[in-house]
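S.K.: Here are the chains, one letter per residue:
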Amino acid sequence: MSDMMDDMEGGEGVVKKFMFVNRKAPHGTIYALEGLEVVLISAAFDQDVSMVFTDDGVYELIKGVNTKGIEVKDFSKTYRALEGYDIEKLYVEKASMEARGLTEDDLIVDVTVLDSAEMASLMAEQDVVISF
Amino acid sequence: MLHIVNKSATERNSLESCLRMATKGSAVLLIEDAVYAATKGSAAAAKIQAAMADLQIYALGPDMEARGMAGRVLDGVKLVDYGGFVDLVTEHSTCQSWL
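Residue numbers (this note's numbering), protein chains in the order written: chain U, 1 to 132; chain B, 1 to 99.
Just chain B, same shape as in the assembly (with noise of 0.2 Å):
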C-alpha cells in the first residue's frame, strides 16, 4: 500500500491517521503541505522518524524546495520527483490518499 498526505501535520490529523493506519512494509509519500513534516525540528519529526522503524517516507523534493525546506529533510526520507511519484504509484497495487 502507498498512502499519499497532502496536509500539513500542524493543521490537519492526516498524517497522524496515516501511521496510525499504515501497516509494516507500507510507503508513506508526502506532498505539498505534508512535507513539513518530514523536516528538522518539525513537530512531527519524532513521529516519522519513529514511523521509519516499520514504513518507508518519502517525500516530493519539488515540494520540498518550494517551500524552502531542502536543506532541512530528516535522515531517511527519501526525495522523489515527479517521475519518482509515477514509479511509487505503479509500484505499490494501491494507493491510499489521506485527503
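Isolated chain U (complex conformation) (with noise of 0.2 Å):
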C-alpha cells in the first residue's frame, strides 16, 4: 500500500491510470469492504482511477441487499457515492456476469460492460493495478 501512496504523490500535476480490481464476493472476506474503502481513499489524489469488477466481484454490485440478519454494515449503497467522488469508470466483466446468471439491470450502478479481451486491454494501459 505504501508503493501506491508513493505513486499518488508521485509529483505535482501527475496523474496516473490506477485500476482497482475487485474480484470477491462480499461479506464472505473482507477484501470488497477494504477495496471499497482503498478506491474512495484514491479519490482524494486526484488520479484516473478505474475499478474493476470480475469473478465474484460482480456479486459487490447487487441491489437488494439486506444485510440485518448477518449484522454486518451494507455497503453496497456505498458503490452509488462513487460518482460524488468523481469515481465513475466502473467495468465488469460481461462472461463473469452471464457465469452467475447476471444482468446489468441487477446491479445498484451504471457499468460500462466489457468483454473478456477490452478488459485485457484496458488492464494492460495502466500504470497501477492494484487487487481485491
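FYI, nobody ran anything at the bench for these hints, they're computed from the structure.
Honestly, I wouldn't trust all of these hints.
Said to hold, decoys possible - Derived, one-sided and incomplete: chain B residues facing chain U with beta-carbon distance under 10 Å:
id: 1; residue: Glu11
id: 2; residue: Ala34
id: 3; residue: Gly41
id: 4; residue: Gln56
id: 5; residue: Pro62
id: 6; residue: Ala66
id: 7; residue: Met69
id: 8; residue: Gly71
id: 9; residue: Asp75
id: 10; residue: Lys78
id: 11; residue: Asp81
id: 12; residue: Leu99
Glycine residues also receive a C-beta, built at the ideal position from the N, C-alpha and C atoms.
Two chains, two frames, a set of hints: combine them into the complex.
M.R.: Right, dumping it as C-alpha cells:
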C-alpha cells in the first residue's frame, strides 16, 4: 500500500492510471469492503481511477441487499457514492456477470460491460493495478 | 451427516468435493459465500439441482439476503434461519465443515 501512496504522490500534477480489480464476493471475506475503502481514499489524490469487477467481484454490485440478519454493514450503497468522488469508470466483465446469471439490471450502479479482450487491454494500459 | 459449505463455488472447490463425498440421504447446508451456488443462473446451479436427487440442500436465509440473492433461490433448496441451522446440527449425529 505504501507503494501506491508513493505513486499517488509522485509529483505535482502527475496523473497516473490506477485500476482497482475486485474479484471477491462481499461479506465472506473483508476484501470487498477494504477495496472499496481504498478506492474512496484514492479519490483524494485526483488520479485517473478505474474499478473493475470480475469473477465473484460482480456480486459486490448486486441490488436488493439486506444485511440485518448477519449483522454486518451494508456497504453496497456506498458504490453509488463513488460518482460523488469523481470515480465514474466502473467496468464489469461480461463473462463473469453472465456466468452468475446476472444482467446489468441487477446491479446497483451504472457500469460499462466489457468483454474479456476489452478488459485485458484496459488492464494493460494502466500504470498501477491493485487487486482485492 | 450434515455437510456445511461456506466458500463460493466459483472461487474454491469445497462444494464440488462435498458433493462428491456426500452420501444419499445426507444434508448439505450452504452458508456465507457458498449460498451463491444455490441461485438461479449460477455456475453451480446444475450441480446443485442434480445433487438434490440424493441430498437435501439447505441454505442460510440471512446470508442469501445479505448478498441480495433471496429472490433467486433455486427451487427445492430449503432456506433456514439461525435457529434452523442449530436444528440441523442437532438432528444429525455428525457434521462436516468443508472449509
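S.K.: A closest beta-carbon separation below 10 Å is what the hint needs, so does glycine 41 (chain B) meet it against chain U?
M.R.: Interface hint status for glycine 41 (chain B): holds (1 Å vs cutoff 10 Å).
S.K.: Can aspartate 81 (chain B) be said to touch chain U, with a Cβ gap under 10 Å?
M.R.: holds, 8 Å
S.K.: Please verify that hint: leucine 99 (chain B), Cβ, nearest Cβ of chain U, below 10 Å or not.
M.R.: violated, 12 Å
S.K.: Regarding the hint that glutamate 11 (chain B) lies at the interface with chain U, is the smallest CB-CB distance below 10 Å?
M.R.: Hint on glutamate 11 (chain B): holds, closest Cβ of chain U at ~6 Å, below 10 Å.
S.K.: Would the hint on proline 62 (chain B) be counted as holding, given a Cβ-Cβ threshold of 10 Å to chain U?
M.R.: The hint holds - proline 62 (chain B) has a Cβ within 10 Å of chain U, the shortest such distance being about 3 Å.
S.K.: Given methionine 69 (chain B) as an interface hint, is the shortest Cβ-Cβ distance to chain U below 10 Å?
M.R.: This interface hint holds because 7 Å falls under the 10 Å limit.
S.K.: Close enough to count: is the Cβ of lysine 78 (chain B) nearer than 10 Å to one in chain U?
M.R.: With a minimum Cβ separation of about 16 Å from chain U (threshold 10 Å), the hint on lysine 78 (chain B) is violated.
S.K.: Tell me if glycine 71 (chain B) is really an interface residue toward chain U, meaning its C-beta lies closer than 10 Å to one of theirs.
M.R.: holds, 7 Å
S.K.: Given a cut of 10 Å on the nearest C-beta pair, is the interface hint for glutamine 56 (chain B) held or broken against chain U?
M.R.: violated, 22 Å
S.K.: For the restraint on alanine 34 (chain B), tell me whether the closest CB of chain U is nearer than 10 Å.
M.R.: Because about 8 Å separates alanine 34 (chain B) from the closest Cβ in chain U, which is inside the 10 Å limit, the hint holds.
S.K.: Under 10 Å, Cβ to Cβ, is where aspartate 75 (chain B) needs to be relative to chain U, so tell me if that hint holds or is violated.
M.R.: violated, 14 Å
S.K.: Given alanine 66 (chain B) was flagged as interface, is its beta-carbon under 10 Å from a beta-carbon of chain U?
M.R.: holds, 4 Å
In the structure shown, a violation is registered for the earlier hints numbered 4, 9, 10 and 12, in ascending order.
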